[in-house]
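Chains as they are written, first to last, in numbering that gives the first Met the number 0: chain A, 0 to 265; chain B, 0 to 362; chain C, 0 to 292.
Keep in mind that the hints were calculated from the coordinates and are not lab data. Just so it is clear, CB atoms sit at the ideal spot from N, CA and C, and this is done for glycine as well. Take these hints with a grain of salt, some might be off.
Have a look at the derived ranges for each label pair, beta carbon to beta carbon [as the list claims (entries may be wrong)]:
no., chain 1, residue 1, chain 2, residue 2, range
1, B, I308, C, E180, 49 to 59 angstroms
2, C, V106, A, L69, 22 to 32 angstroms
3, B, T236, A, T93, 43 to 53 angstroms
4, A, A38, C, F201, 41 to 51 angstroms
5, C, F201, A, Y20, 34 to 44 angstroms
6, C, F62, A, L69, 35 to 45 angstroms
7, A, S222, C, V106, 35 to 45 angstroms
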Amino acid sequence: MMKKQALARGFGLPISVGLVYFFLYIPIIVVIVFSFNDAHYAYVWRGFTTRWYYELWHSAEVWDALTNSLIVACSAVVLSLTMGVLVVWHGSHTALARLFPLFYGTLAAPEIVLAVGLLTLFSALDVELGFTSLIAAHTLLGLGYVVPMVHARFSNLDKTLTEASLDLGATRGQTFFKVILPLLFPSLFAAGLLVFIISLDDFLISFFCSGATAQTLPMYIFSMIRAGSTPVVNALSTVMLVVSSIFVLGFSWIQVRRMGMRGVRL
Amino acid sequence: MRNIKIEGVTKSFDGDVILENLSLMIPGGKFFALLGPSGSGKTTLLRLIAGLETADSGKIFLGDIDITHMPINERRVNTVFQNYALFPHMNVFDNVAYALTIRRVPKDVIEQKVIKVLRTVHLDRFIYKSIDLLSGGQQQRVALARAIINEPDVLLLDEPLAALDLKLRERMLVELIELQDQLKTTFVYVTHDQFEALTVADYMAIMNKDGCIEQVGTPKEIYEFPTSVFVASFVGTTNIVHGTLHIYDGVQVVEVPELGKLAVVAPADKVWAVDGNKIAMSLRPEKIDISKTALEGFSNMLRGVVKSIVYHGRSTQYNVRVSDDLILQVFEQNEEHFPQEVIDYDDQVYLYWQKENVVLLNQ
Amino acid sequence: MNIVARIKSACMRESSFFMALPAFIWQLIFLYVPLIFVIVASFMKVDEKLSLGALTLEHYASFTDPLYWVVIGRSLLLAMCAAIACGIMAYPVAYYIALRATRWKNVLLFFLILPFWINLLVQVYAWFFVLEKNGLVNTVLLKLGIIAEPLRLLNTPFAIFIVMLYCYLPFMAMPIYSILERFNQRLIEASLDLGATPWQTFMRVTLPMSLPGLKTGFFLVFVPSFGEFVIPVLTGGGKKLFVGSMISLYYLDAGDTQLGAAFTMLSGVVLLIVSLFLNWLFKRIVRVSAGGQ
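Chain A on its own, in the form it takes in the complex (with noise of 0.2 angstroms):
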């Protein structure tokens, strides 16, 4: 009795855990597989086929939107890094970084109020919905994740760096691009790529602010999904979760790289 209350307590757990992961993953199996499905309306496995792939390679749209959602992640990261680290190199140890909890407001509000809150202005503003708009937009989101990142790594550093940097005689433009910048480029580079991906990968927003010239990636996926998709979906979805999958494996091993560096305060 005691030792099937044991084995089941034993397994109970990792039971429950893999039925998790199975629930994560099903869903995902199930669209890439079908992506080979030899059929119009993609329920029903008919055969393999590597067609819809080669449809996608060879859609126009699809280039478009990720054309379109690449100038603008690239634009957001560009101009929130540039922003956020100007504030936060100027800011910290003066009277502005009482102002810093300013940045938290984007990730505490929901989100639909954010993409009403700027369609709003838009329109107030009488602002054509497009590109524009739509890099604003994307910039707010990455300054919400720019400046605290790199304010929190900022703080870490040594202060007396600076002081040392100012005492052998730089200014603190050359101190800031000598030293500061150098210590600060893992933080500045993990929030860049995080922005891109937000960027990327945002929908709602976009939805509100984006009219009908800029149309990103996950726009259209929406658009297809309501108008009712071909297997060309599942395929961009494949590759997308490919690239997606990379990108994760790259960050991680960055941050185990890092880890493993002796010695040197990070």
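Starting from the known structure of chain A, fit chains B and C onto it as the hints suggest.
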């Protein structure tokens, strides 16, 4: 070499007054030590000279130039930080070359100077090593090299040896003295360790807990002729005995309760040393002789019982009770392996000293 | 010389200030100003320019209609169920990875986090394949003979719930994992050493101490779920309205920004009040579990 003149400087943090109306003259080209207990404001004073803090009021001069409001990077003053503050993303060479790199000195000149400086601090084998691979002592030398390559007018050292072990510290002290001798730069060395200060300094200043300078002088002056009880107790060990000064018929004595009259010499410049004043005497333990037998030729003698003995290797410390309220410390050099006289616990002993070796202090 | 130096350093300090400004201005213009616009818009009469005379409470007055409260209540219910279900599902997994798995820890963590990085729309789309009439679940159940007719799983509240659970699971798992990861295992050892069973140890030591993580995870799921737009629209069939779809209806379909603003404000205030209440509730639970037991 230019002097550093600090005039009436006041500095407070968050309402706490650290330094108040402090004035000090640091002679150029010498090794100057600033000694004081923790929290005395000596690091603050150092940072004011470096420009890392700005004084609330007062002036600081480097030679004839008023540097009170000069920005950090324009002063010809360099600092060796307590935690070294080496740039972790640069190797030894780049760290040391930093001050020259930012001034756009040509590459070959930089290389020449860096190697020369690293040789001076005995680090020429580690030129391209990464910082995190260096030991504490090596990191300290890199910090030193980095600061002197600029050939500054003043080198500030903020407790640079605090993180090193004893043997290494002793060696570095000697190297620092040699370095200063060689460079002829003004060194200002901040420490709470009186042994370090006495070892390296040509001149030193003692600061007390309230941020005031108690005494300035050579190490010998400060050690042998302290001007206050604080200085006498803080620098080295001493016996402080309180009593009343009596001067009559050319005789100068201090009357101590239960011990009687002890002979002293009251120098003319101590104007407060008049008949009837309450006074403190500082008597260094090494100036006292201890013996189980009676000796001739000393101006003062006391009888006592040995209460404890501490063996210090080079010397032995005896704590001798001479009265109900007073225990005197005595240092005897261990001059011989097999001394003729062995003094043990509870022995009755005689303590002898000359009246010239007592320093009179105002209470 | 002194004066020149003083002016120079003052200029440097000021330019520093101007360098820091763009980020603040951006934040102000694109987050806080819009919020103010929305608040103001909710008090404005339709099609009128901004003036004191244009202010009205008529939009808020129309919220006495129970329809609005049904929508808000439905969203609250969905958010609560999603958060609680996520908590129940995520906790064992986070616990296992943090405290039990030794060799496979990093691998399991990687596969737990991976779905988080998959685009939301792809995640929703994937569930179509599972829940559809010809989808995985129906096919399997039919083949096994458990049912005779395919079940209608899509376009139901059940579908919305399951997909919400799926998409928000990582948000709950990560805070719990993070707090359990740093958990001092000596405490568990001490508890067992003093005679408690593993279950007692869990209930009295591990669980109470991991409550902050649970709380973080709860709000990370609850708050966004309340305003969720995509999932109810795509998987719910659009018959029943939720807060997200309702707001979208006002702004994008009807173009009624004033009423939409008012409704957004209303929902926002409700969310805030409920969140504060739940926060207070959590604090009480933590205090009880720390002291009472």
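Hint by hint, here is what the structure shows:
A C-beta distance of roughly 57 angstroms is found between I308 of chain B and E180 of chain C, which places it inside the suggested range of 49 to 59 angstroms. A beta carbon spacing of about 31 angstroms between V106 of chain C and L69 of chain A agrees with the range 22 to 32 angstroms that was offered as a hint. Distance hint check: the CB atoms of T236 of chain B and T93 of chain A are about 48 angstroms apart, consistent with the given range 43 to 53 angstroms. Between A38 of chain A and F201 of chain C the Cβ separation comes to about 49 angstroms, which falls inside the hinted range of 41 to 51 angstroms.
Roughly 22 angstroms separates the CB atoms of F201 of chain C and Y20 of chain A, a value that falls outside the hinted 34 to 44 angstroms. Between F62 of chain C and L69 of chain A the CB atoms are about 43 angstroms apart, so this pair conforms to the stated range of 35 to 45 angstroms. Taking the beta carbon of each, S222 of chain A and V106 of chain C are about 37 angstroms apart, inside 35 to 45 angstroms as hinted.
Consistency with the previously given hints fails for number 5 only.
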